[in-house]
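Asker: Kindly produce the complete structure, drawing on both the sequences and the hints.
2 protein chains.
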Amino acid sequence: MGALLVVGSVALDSVKTPFGEVTEVLGGSATYFSTAASYFTTVRLIAVVGEDFPEAHVKFLKSRGIDLTGLERRPGQTFRWKGAYTHQLNEAQTLDTRLNVFETFRPNIPDSYRAPELLFLGNIDPELQLSVLEQVKRPSLVACDTMNFWIERKPEALWRVLEQVDVLIINDGEARALGRNPNLVQVAKEVLSRGVKHLIIKRGEYGVLMFNQKQMFGAPAFPLEAVLDPTGAGDTFAGGFMGYLSSTGNLSEESFRRAVVFGSVMASFTVEGFSLDRLRALDYKEIEARFQEFKRLTHFEDIR
Amino acid sequence: MGALLVVGSVALDSVKTPFGEVTEVLGGSATYFSTAASYFTTVRLIAVVGEDFPEAHVKFLKSRGIDLTGLERRPGQTFRWKGAYTHQLNEAQTLDTRLNVFETFRPNIPDSYRAPELLFLGNIDPELQLSVLEQVKRPSLVACDTMNFWIERKPEALWRVLEQVDVLIINDGEARALGRNPNLVQVAKEVLSRGVKHLIIKRGEYGVLMFNQKQMFGAPAFPLEAVLDPTGAGDTFAGGFMGYLSSTGNLSEESFRRAVVFGSVMASFTVEGFSLDRLRALDYKEIEARFQEFKRLTHFEDIR
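Respectively, the protein sequence lines represent chains G and E. Numbering-wise, the first sequence is residues 1 to 304 according to the working numbering. Numbering-wise, the second sequence is residues 1 to 304 according to the working numbering.
Watch out, some of these pointers could steer you wrong.
For identical chains, the list gives no copy identity; a pair is met inside one copy or between any two copies.
[Claimed, not checked] Okay, derived cross-link-like pairs now, DSSO-like style, lysine-lysine, Cα gap no bigger than 30 Å in a straight line:
id, residue 1, residue 2
1, K295, K16
2, K214, K285
3, K137, K197
4, K189, K285
5, K285, K137
Since the hints were made in silico from the structure, they are not lab data.
Answerer: Shown next as structure tokens:
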């Protein structure tokens with residue numbers, strides 16, 4: 001299948017966890033997404049950075065084969081996020097957010113990007129997500145992310161996006177906010193009744209649930225002995241998921257399930273290091289090996 | 001395989017959830033355990049109730065084929081527990097606990113119970129768990145439960161129990177308290193190094209993890225549209241788990257994995273009603289059907 005287009009943020013993160021602290025390291029949803037997906041397919045990135053964005057990061061993204069034609073460099077500073085995690089590592093406490101050049105980001109799709117096979121709309125203003133959809137030929141598969149901020153502030157624009165996407169990938173808190181309901185099965189019914197074909201709910205260390213009109217799929221997260229920094233796990237999941245689907249071109253239920261597992265596998269690597277440290281040191285054989293471990297983790301024999 | 005012996009509590013529960021409220025209904029860890037296990041095997045119960053324990057409950061337990069030779073009836077009132085759940089349904093808020101006759105409970109094993117094939121030591125004082133172990137011929141498999149109260153107050157007695165058990169079945173909060181560590185994989189290493197052969201960690205709506213020296217197994221909880229009352233889910237899980245192992249007599253890794261799924265299946269029924277309402281109305285065909293649904297929920301094809 002053809003290329004995978006992603007629109008989202010590229011950032012410089014400062015993160016503190018019980019296991020260490022890093023300052024102004026490479027981060028951002030589109031960065032994690034692209035890097036994870038780059039192990040499976042050709043990724044085209046739409047994002048914006050400031051004049052201060054280190055050339056080494058550009059070089060790294062290029063080394064992963066990511067097409068950076070759509071990476072705008074604009075006057076000003078790159079988006080910065082500062083966060084901390086306590087021992088449970090479940091939820092980040094945001095200490096500081098400086099949108100900088102990301103505040104006025106208007107995705108502008110280069111001509112060479114206008115016919116993606118797959119599209120991932122990262123967590124940006126739903127009106128910008130709509131503008132991206134208007135600029136491209138309808139891809140075979142469109143997935144998107146969002147956050148509580150947009151669910152609360154721009155629900156109408158968001159639902160207009162959701163009517164046009166095939167897969168919504170959000171975390172459990174966002175799902176409950178979107179469906180205004182604590183029960184995820186009921187949330188799934190509601191969301192699927194409004195046009196989304198597949199709802200994927202990320203539950204951090206507890207794994208993932210995927211719903212469509214006919215089936216449910218549930219996978220635990222891969223249990224890890226050393227989780228250093230959960231930042232980017234959800235975006236990495238989405239990158240592994242979409243990357244695998246892009247590589248296989250098979251959009252069947254069975255393929256979606258495997259894609260969820262590849263997404264989970266990629267996320268399990270991301271949290272083993274700070275920033276993209278573990279992800280960038282990865283070998284495809286390690287990915288395959290952990291996929292096999294994941295199979296052993298979840299497999300049980302039927303009773304028949 | 002032979003009979004399954006369980007020691008634990010029989011109680012009268014008053015429970016309030018966002019979906020309803022019940023007063024002095026049948027409850028208790030050994031009640032949920034026995035009823036769940038009774039769908040698979042012969043259960044022998046050791047517990048105590050007061051003079052006020054309704055005859056209808058005795059009749060129900062008998063109707064499930066549960067051997068009540070070891071159900072003591074003593075002067076005084078039956079153990080009562082009162083609790084409430086908020087919308088998330090994750091954790092009960094205990095409003096009132098009256099141990100009553102359970103406070104001076106000393107498990108006394110009838111002669112006919114002294115050679116069980118499998119033994120489940122419910123959540124009671126670890127010193128009483130030790131006294132039960134002393135009173136029986138060593139079973140093929142011993143499993144036990146505990147709680148933070150004993151982990152904090154009687155750690156030495158508890159570790160003496162754990163040295164003698166094959167399977168420890170606890171929830172994630174208890175596991176973290178026992179291992180004094182937020183990371184469950186590290187907790188598992190610690191617990192397994194001290195003699196327990198299998199550690200099963202229950203995570204409520206997020207499912208179950210099972211660890212032994214060689215393998216990990218992870219299963220999500222079955223996603224449900226209507227969860228009315230989570231009370232007893234963990235004890236039901238243990239009952240389904242031990243009941244299945246008792247019925248098959250196969251103590252292989254593969255059998256343990258299926259047992260975890262049967263435990264999860266049984267727990268998924270319990271939470272669909274208050275008290276044992278859903279569990280008591282169950283047909284074995286429904287159990288098998290949900291096992292199959294569970295297989296469909298978690299299955300994915302290998303990449304090879």
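Asker: All hints are to be evaluated individually against the structure, with a verdict given for each.
Answerer: These are the hints, each one checked on the structure:
1. In this assembly of identical chains, the alpha carbons of K295 and K16 never lie at most 30 Å apart, being 33 Å within a copy and 40 Å across copies at closest.
2. In the homo-oligomer, the alpha carbons of K214 and K285 lie at most 30 Å apart only across protomers (22 Å), although the nearest pairing inside one protomer, at 33 Å, exceeds that limit.
3. In the homo-oligomer, the alpha carbons of K137 and K197 lie at most 30 Å apart inside one protomer (19 Å), although the nearest pairing across protomers, at 57 Å, exceeds that limit.
4. Taking the closest pair of Cα atoms, K189 and K285 come within 30 Å of each other only across two copies (27 Å); inside a single copy the shortest separation is 38 Å, beyond that limit.
5. Taking the closest pair of Cα atoms, K285 and K137 never come within 30 Å of each other, the shortest separation being 35 Å inside a single copy and 50 Å across copies.
Comparing the model with each earlier hint shows violations of hints 1 and 5; every other hint is respected.
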